[in-house]
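A.B. asks: Listed below are the residues making up each chain.
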Amino acid sequence: MIQVLLFAHLREQVGCENLTIHKKQMTVKEFKELMEKQYKLSTQEVMIAINEEYATDSDVIAEGDTVALIPPVSGG
Amino acid sequence: MIQVLLFAHLREQVGCENLTIHKKQMTVKEFKELMEKQYKLSTQEVMIAINEEYATDSDVIAEGDTVALIPPVSGG
Amino acid sequence: MFDIVSCPIDTGKVIKQVEHRNAGAIVTFIGTVREMTQDKKTLYLEYEAYEPMARGMLTNIGKEIEKKWPDTVTAIAHRIGHLEVGDIAVVIAVSSPHRSDAYEANRYAIERIKTLVPIWKKEHWEDGDMWIGNQEGTISYTDHQ
Amino acid sequence: MFDIVSCPIDTGKVIKQVEHRNAGAIVTFIGTVREMTQDKKTLYLEYEAYEPMARGMLTNIGKEIEKKWPDTVTAIAHRIGHLEVGDIAVVIAVSSPHRSDAYEANRYAIERIKTLVPIWKKEHWEDGDMWIGNQEGTISYTDHQ
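Chains as they are written, first to last, in the working numbering: chain A, 127 to 202; chain B, 127 to 202; chain C, 1079 to 1223; chain D, 1079 to 1223.
Next up, chain A with everything else stripped away, as it sits in the complex:
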């Protein structure tokens, strides 16, 4: 099981703060494609964090990981 966290407009768009994906492992790229297909999210400008660390498309998400979709930030 992979835990998915959603924030800001992505959270509002999907309608919930977190999702679960029942997969053993997948790349970040595959994860993004899944989100686009399943929830119609545009992930073009979205960064992905695995267990609170930014990840690149080729990084691997494994069972037990927490993955966050990070749209461009606007703090400060």
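Hints may be right or wrong, so weigh each one.
Below, simulated DSS-like cross-link-like pairs (lysine-lysine); rule was C-alpha separation at most 25 Å, straight line [as the list claims (entries may be wrong)]:
id, chain 1, residue 1, chain 2, residue 2
1, D, Lys1141, D, Lys1091
2, B, Lys166, D, Lys1200
3, D, Lys1094, C, Lys1094
4, D, Lys1094, D, Lys1192
5, A, Lys166, C, Lys1200
6, C, Lys1091, C, Lys1141
These are calculated hints, taken from the structure and not from any lab test.
Given chain A's structure and the hints, the job is docking chains B, C and D onto it.
C.D. replies: Just chains B, C and D, lined up with the frame of chain A:
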């Protein structure tokens, strides 16, 4: 009468905070030469202010003016 | 030293965290909620954060600064939740024996926060609201107007 | 907004003077008395000013900043008299809708103060005292050691 103000090490060197010069007028350059001769002050790095405004060597000091010797500053 | 908080930020307390006997210079940045952005009037803001990650990122920024400007000490507090116009959103304090380092490190901190730290703001106007999509407020993601 | 004072400076009060609804950024510089300069340990300092001129120069610096960075608001307080290690000597606060202006204007203010405003400090060490001759503390005029 021209009023002269002294600060920091110049004040300590001369031993008083202010002096008076009984002249009708003089240039800043002449004033500096007078200070060097009469009080053995080195005016090389000292700026001169006439009535609280920085002046150049050719500016004229007139009777009634207040002239200050401003050694390099160290505030801040 | 590096915190995400829900209550008002006490600037004096953040500055206190970086004071020490050889800090001749302390540079502070205070980010407040501005009323006008271009020609739009903000009523209030909501800040949301991915809190544990945001805290971790702020701590990382602190470590980066320590490496780049060895004698500096940094403290950062970012507020989340409901903020009114004029409220303080972020305070960054950097102390250093030399003022040049304090200015540069402080500037570096705010630029890093605005590009990297997972915090988002939603602007609320009289005629709608919007999640702001980047730090300059020029890109939006959804527009509920 | 531009003052030479004999009492401790309240940083919060200086910042308050520049706060307004469209100041998204406030940059503050706090200059404190540092204990060590190179390898010399400061016991205390004395600041002396040509007060009316120093006040006038601070006001002029404020006007220069207003011209160079039109939407900024600046406040400066410089303390004189006896200061201990850790005491605040100067506070400069600059607010602006845009942080870049606030950083630049603030930096400009301290550089101008350190070259132009008639304020002098005398360092007191265990083994003597000295009027410091320029802002970096590298030139001296008299050395009473």
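A.B. asks: Does each hint fit the structure? Answer for all of them.
C.D. replies: So, going through the hints one by one against the coordinates:
1. D/Lys1141 to D/Lys1091: 21 Å, holds
2. B/Lys166 to D/Lys1200: 22 Å, holds
3. D/Lys1094 to C/Lys1094: 18 Å, holds
4. D/Lys1094 to D/Lys1192: With Cα atoms ~24 Å apart, D/Lys1094 and D/Lys1192 stay inside 25 Å; holds.
5. A/Lys166 to C/Lys1200: 22 Å, holds
6. C/Lys1091 to C/Lys1141: 21 Å, holds
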